[in-house]
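Take the sequence shown: its position 88, counted from the start at 1, is 93 in my numbering, and no numbers get skipped.
Note that these hints are calculated values from the structure, not bench results.
In this text, a Cβ means the ideal position worked out from N, Cα and C, and glycines have one as well.
Fair warning: there could be bad hints in the mix.
[As the list claims (entries may be wrong)] Across the chosen pairs, the derived CB separations fall in these ranges: (1) Arg53 to Ala109: 15 to 21 Å; (2) Ala70 to Thr94: 15 to 21 Å; (3) Gln99 to Thr171: 16 to 22 Å.
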Amino acid sequence: MTAAHVLDPRRTALVLVDLMERIVALPLEPRKGAEALANAEELAAAFRAAGAPVVLVRVERPAVAEQPPGSGLVPGLLRDGDLEVVKRTLGAFQGTGLDERLRALGVTTLVLGGVATNLGVESTARAAADLGYELVFAEDTMAAFTAAEHEATVRLDFPRLGTVVTASRLRFPAG
Numbered sequence: 006m007t008a009a010h011v012l013d014p015r016r017t018a019l020v021l022v023d024l025m026e027r028i029v030a031l032p033l034e035p036r037k038g039a040e041a042l043a044n045a046e047e048l049a050a051a052f053r054a055a056g057a058p059v060v061l062v063r064v065e066r067p068a069v070a071e072q073p074p075g076s077g078l079v080p081g082l083l084r085d086g087d088l089e090v091v092k093r094t095l096g097a098f099q100g101t102g103l104d105e106r107l108r109a110l111g112v113t114t115l116v117l118g119g120v121a122t123n124l125g126v127e128s129t130a131r132a133a134a135d136l137g138y139e140l141v142f143a144e145d146t147m148a149a150f151t152a153a154e155h156e157a158t159v160r161l162d163f164p165r166l167g168t169v170v171t172a173s174r175l176r177f178p179a180g
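All chains should be built: construct the whole structure from the sequences, respecting the hints.
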């Protein structure tokens, strides 16, 4: 995880999963939700500056009259030009139109982050892999309910699906 990973801003989107107030506030590991969020916000700013799409995914519980408090994205996370996706399953693709929206933008590579590493992020990654996307995992933008769950996913599963890096290693070409 030491070399820079250069991304094409015309073909790459950042997909951040479940960075919602009530989820980021949970006791998470191996880093607190606030730390994963700060890293994700910094990465989102770099994507926006490069003109690359930022996709913010949040979950809504199906068949309930009202969502629990804190079910919105963390305040200030969503910016003009970002895509907001509402999912009702673990992953961000099932029944959301996300694949069609990404294809219309010419996206072929996804950089993934969010909470929980082994649930929403991994489920989204597996579906994306099935759809043929190249995957990059920004490990320090993620957290899970236990460090063991996070580490197992990052060390065992994600390397089989794509490339695992820290957000600081992601770069866009100069110019």
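Range first: 15 to 21 Å. Now tell me if the beta carbons of Ala70 and Thr94 are that far apart. Holds, at about 20 Å.
Please test the hint of 16 to 22 Å on the beta carbon pair from Gln99 and Thr171. Violated: the Cβ-Cβ distance is about 29 Å, outside 16 to 22 Å.
Starting from the range 15 to 21 Å, see whether the pair Arg53 and Ala109 falls in it by beta-carbon distance. Holds - the Cβ-Cβ distance for Arg53 and Ala109, about 19 Å, lies within 15 to 21 Å.
Comparing the model with each numbered hint stated earlier shows that hint 3 is the single one that does not hold.
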